[in-house]
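The lines below spell out each chain.
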Amino acid sequence: MRARRGLSHTHVGSLHAPDAELALRNARDLYTRRQEGVSIWVVPASAITASSPDEKDAFFDPAADKVYRHPTFYEVPDGVAHL
Amino acid sequence: MYGNDFSPPEDGPGGGLLGEVEAAEAALREAAARARRGGPTPDEDLEAYFADVIDADQKIEPRDWMPEAYRKTLIRQIAQHAHSEIIGMQPEGNWISRAPSLKRKAILLAKVQDEAGHGLYLYAAAETLGVSRDELVELLLNGRQKYSSIFNYPTLTWADVGAIGWLVDGAAIVNQVPLCRCSYGPYARAMIRVCKEESFHQRQGYEILYTLSHGTPAQKAMAQDAIDRWWYPSLAMFGPPDAESPHSAQSMAWKIKRFSNDELRQRFVDMCVQQAEVLGLTLPDPDLRWNDERQSYDYTQPDYDELMQVIKGNGPCNRQRMEHRRRAHDEGAWVREAAAAYAAKRAEKKEKVAA
Amino acid sequence: MTGPFDFALRLGDDALIAAQRLGEWTSRAPEMEEDIALANIALDQLGAARLLLTYAGELEGAGRDEDALAYLRDDREFRNCLLVELPNGDFAITMAKLFFLSAYQLPLYTALAGCADERLAAIGAKARKESAYHLDHSSLWVKRLGDGTEESHRRMQAAVDEVWPYTHELFTADPAAPVDPATLRADFDATVSAVLSEATLIRPAHGWTPGGGRDGVHTEHLSYLLAEMQVLHRAHPGAQW
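In the order they appear, the protein sequences are chains A, E and X. Quick note on our numbering: the first sequence kicks off at 2 and runs consecutively. Quick note on our numbering: the second sequence kicks off at 132 and runs consecutively. Quick note on our numbering: the third sequence kicks off at 14 and runs consecutively.
No wet-lab data here; the hints were simulated from the structure.
From the structure, some residues in chain X lie toward chain A, with a derived Cβ separation under 8 Å:
hint	residue
1	Glu-46
2	Ile-49
3	Ala-50
4	Asn-53
5	His-150
6	Leu-153
Ideal placement from N, C-alpha and C gives every residue a C-beta, glycine not left out.
Using the sequences and the hints given, assemble the complete structure.
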């Protein structure tokens with residue numbers, strides 16, 4: 002679900018439907034009763050390949066030392082705007 | 132709602148339940164932000180790993196290892212909660228067609244619709260534990276899983292819609308707010324969503340009663356009659372007294388539940404007394420009085436024998452509620468089959484085109 | 014001669030009675046997701062009814078608000094079409110009713126959005142989006158039931174056959190009305206033909222054309238529907254709720 006323009010889609014929940022068209026409608030009815038979204042994606046659960054928590058270290062730890070991927074890694078000299 | 136399996140609101144009763152929900156949500160984010168431990172190492176004891184996560188107030192997530200009893204307890208509790216939402220649509224739904232103004236009709240429709248939504252959020256949370264919704268619905272329909280006994284009482288007048296909102300939803304919220312801090316992530320998140328949406332339910336019930344109690348003498352009598360009938364069944368919603376509640380200790384240790392039945396019941400009574408005064412209506416308990424020492428109200432316990440009878444299936448509406456649910460399920464079978472058949476045909480066509 | 018008052022009353026009554034029937038499905042739908050969808054549609058119809066009846070009351074200038082119009086008129090004073098008051102029947106009947114109703118309401122509200130009366134135009138602009146959704150939803154189900162199983166096909170065709178005659182009343186010409194219903198027929202026919210054909214269903218031949226709703230001559234069903242809807246309100250004259 003995209004909650005508002007400018008935000009990325011985030012997972013809001015799951016539901017049952019016989020096919021994709023109905024899944025989209027059901028998602029609209031179930032998850033946007035209070036105007037929570039402007040865009041919805043639905044994906045069949047069978048199409049999701051999940052990493053297992055057991056593999057978490059191998060899967061996610063390698064990213065831990067790549068701090069240079071985060072903007073806070075960089076020192077910004079005083080007086081520099083719009084960076 | 133059934134009984135008791137949750138964790139605690141941090142501040143006093145009555146004062147901003149919605150605030151407590153938000154605090155629980157913030158706590159959830161905080162816990163997520165704390166340096167979390169990874170999965171268990173190959174030679175690590177799984178029980179110890181699980182206990183470690185719980186001790187650290189971290190959430191257990193669907194694919195984490197968990198003790199079988201924890202999984203079973205959660206499935207039972209979440210399913211019963213989901214069933215309660217679905218069955219709970221009936222007593223209030225009974226008044227949609229006769230709501231006395233178009234505004235009330237719209238509010239009631241939206242409220243009962245929310246309950247269907249909450250049932251679905253909860254079934255989805257239960258499914259993360261490796262059980263299907265179809266299986267759970269089957270357990271409800273064949274009577275092997277229960278729903279909250281409160282819904283086995285009839286809604287005889289319009290004021291009952293108000294009493295359900297104020298007392299039944301009120302009791303449910305007291306039960307549910309602590310569940311927003313439950314150790315199982317999907318359940319905690321579902322409860323946060325449910326509690327936020329439910330904040331209007333209790334208020335609309337209270338508003339109905341307030342309007343009635345300030346209306347004609349007949350309306351006021353209708354409101355008092357509803358409170359007389361719903362007060363004790365609402366107290367019974369918190370489950371049997373602590374001394375007779377065998378599963379509580381384990382659920383507390385697992386942080387599924389954080390307050391005892393009696394603690395929550397007391398919290399609810401303390402909330403209601405002043406609210407009843409503002410309504411100008413009387414709670415039907417001659418022994419209800421402030422106890423300075425305990426800083427709480429003394430009150431008469433509900434009739435737990437009656438509760439047991441209702442749980443056993445002998446409440447005024449048990450048969451009617453189940454029959455209604457079964458009929459809806461059975462009469463809808465051909466529609467569900469048609470949708471499945473249509474989907475299969477489409478998938479087949481697509482495959483042919485691709486081939 | 015149909016002025017804005019009569020016109021708003023007709024549309025408001027259509028929406029109100031449709032909402033009342035759809036509300037009856039609550040906790041009875043074939044699937045829990047569908048329970049929520051039907052309640053959404055009922056809420057849309059009820060919302061439109063309230064706007065239209067409130068406006069009708071203002072146009073009349075006799076001090077009647079939405080509730081006075083909804084709860085204190087007898088069936089002979091209601092101006093809804095017969096289609097909406099028909100009992101829900103099975104899910105196929107309900108979908109047939111909703112499909113035909115929304116295939117009519119969508120072009121109606123769209124035209125209304127462009128009419129000279131500002132209030133009606135605003136109501137039309139809001140309601141047409143909702144009608145588009147109702148049409149989408151009912152079309153999906155008409156297709157699934159029509160082209161699903163043998164049983165669902167049989168039921169859906171029977172439902173179309175049963176409800177179809179009641180659609181003619183919707184398009185009775187009324188050149189003086191803010192929107193002349195006769196002008197909506199082509200749009201309706203095109204929508205219906207496309208969906209029914211995809212659903213492998215046959216559009217019934219024109220034959221029997223029951224009517225009278227716009228003149229307050231209804232089926233026997235409406236009086237029962239109103240008896241239930243109005244019972245509490247009427248039992249406490251003048252009370253606030």
